[in-house]
Amino acid sequence: MSAVSAVDTAFIIVCSMLVMLMTPALALFYGGLVRSRNVLSTTMHSFSLLGVVSILWATLGFTLAFGPDIGGVTGDFSALFLRGIGADPLPFAGSIPGILFAAFQCMFAVLTVALVSGSYAERIHFPAMLLFSALWLIFVYCPMAHWVWGKGWLGELGALDFAGGAVVHMSSGAGALAAAHALGPRLDLGGGGGGHIVPHNLPMTLLGGGLLWFGWFGFNSGSALSAGVLAAHALFTTHLAAAAGILGWILVEWKYTGKPTTLGVASGALAGLVAITPGAGFVEVLPAVLIGFVGGIVCYGAVLLKSRLGYDDALDVVGIHGAGGTWGALATGVFAAAAVNGVDGLAYGNPGQMWIQLLSVAATWIFCYSVSRILLYLVDRIVGLRAAPESELTGLDISEHNERAYQI
Amino acid sequence: MKKLEIIIRPSKLMAVKKALETLGIHGMSISEIRGYGRQRGHKEVYRGATLESQFVPKVQISSLVHDEAVQKVVDATLEAARTGELGDGKIFVLPVENVIRIRTGESGNDAL
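Heads up: the protein sequence lines correspond to chains L and S, in order. Here our numbering is used: the first residue of the first sequence is -19, the next is one more, and so on. Here our numbering is used: the first residue of the second sequence is 9, the next is one more, and so on.
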């Protein structure tokens, strides 16, 4: 058992707080994108999950994800209710107290479950949202976190995922696709079709996007799990990828629609951040810029796909987190450099890493999508997934929560 | 006494207000409205998806005017609000049966 470092501990405490901020930031980001009659219900998804997921994580989730491994598949039950997790460091982070590692990971779990909510916004029945999210944490997120970070089979195989390309973004993207398929499209999408509506408050979305970017520094550099060179490196690769994501996105939209937009800037930054998440602590700075730039372009294209494929992923969780996470995981297989964190990718003469990354992408999508579909089926049978048609048309703020965001 | 309902481009509000003040019109209510006539809607683009906005933002000014002043007000408004493009708006002139000032109970022209 190695010694606790005060510096690392202070650093990860701050990073945990930054990652916590990402969930309210996501609520703002998503809340601005929906119609005014659904802004509170959309915000409620993120805020209620801060409650539900945090408690479930401390009681059951943590031990399933990070308890002693059983067969590469799951953690055991030895840390139920965080039993035995305290001052001593865990094998995952040798210089911070185990309790801090559990707290840091708790914030990731909350955010990931909340990310999925962008898909089913504006039409899900609130009790169904709570039940699905609780089940999704236990049966999708916890296994994914264990497989990649908790000494499970994907991590042992050598799959690279620095801060959650697979665990956070591909998993939420696959869950979002499953939810869009299971719920079907919203009732009154109007002439635009393909799940496109006019966002009711873009300044709110931009503020949320800015705060997500800020929180992402805790997410990515905190994933170094110590306050050293690697954390500093991840901080800057993260920032530059977000910057390049803006450029990639607005360049293509400028070319194809004639004008750059503020929603394009916010979406492009997010796309760049998602894309660099798996590689932030594995790739050099210049490849990080490329990963972010291409991420902006890939996600722009992926968002448009939903019209072609006909699923109503309301706020583009698949297009941004699913597509961006997939691109980032593959790009990490190409650009990982031993000089940064001990592993070379394809570009540095290690084609084998590419195969591992491909396998992790396929396994993540298949596992997360299929288990999500099963959970959605069960929840539909138990409480009914969708709000009643008249409730949906009235707006979920009034019909599910008895509140209105804007008076007069 | 007539009521004028003047629907104009939001960008022309200050010009029209100034023109009416010059004519001694010292009261008006305005509302932000949305609608369409021959101009139809306009295009908006969100995340690469083009949406037709059915209704265009306009400002509606409502004001009460003595009968003899109506023509002057109409002329001044035409001058101030016209760009010559589709979407400049409309002026409705409506008869008013009576006006009552709530504070004093005065009615008719006294209440203007």
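One thing to keep in mind: the hints can contain errors.
Below 35 Å or equal to it, Euclidean Cα-Cα: the simulated DSBU-like pairs (lysine-lysine) are [unchecked claim]: (1) S:Lys80 x L:Lys239; (2) S:Lys20 x L:Lys235; (3) S:Lys98 x S:Lys20.
Residues of chain L clear of chain S, computed beta-carbon distances all greater than 12 Å [stated by the list, open to error]: (4) Pro77; (5) Leu210; (6) Leu215; (7) Gly244; (8) Ser247; (9) Val283.
A partial selection of chain L residues facing chain S, derived with a Cβ cut-off under 10 Å [claimed, not checked]: (10) Asn181; (11) Met184; (12) Tyr236.
The hints are simulated quantities; they were obtained by calculation from the structure and are not laboratory data. Here a beta-carbon is modelled for each residue, glycine too, at the ideal position from N, C-alpha and C.
Verification of the hints:
1. S:Lys80 x L:Lys239: violated (42 Å)
2. S:Lys20 x L:Lys235: holds (32 Å)
3. S:Lys98 x S:Lys20: Distance ~13 Å between S:Lys98 and S:Lys20 Cα, so the pair holds.
4. Pro77: holds (43 Å)
5. Leu210: holds (34 Å)
6. Leu215: Holds, because the least Cβ-Cβ distance between L:Leu215 and chain S comes to about 28 Å, which exceeds 12 Å.
7. Gly244: With a cut-off of 12 Å, L:Gly244 comes too close to chain S, as the shortest Cβ separation is near 7 Å.
8. Ser247: violated (6 Å)
9. Val283: Per Cβ check, L:Val283 is inside 12 Å of chain S; nearest 5 Å; violated.
10. Asn181: violated (13 Å)
11. Met184: Where the cut-off is 10 Å and the nearest Cβ of chain S is about 14 Å from L:Met184, the hint is violated.
12. Tyr236: holds (7 Å)
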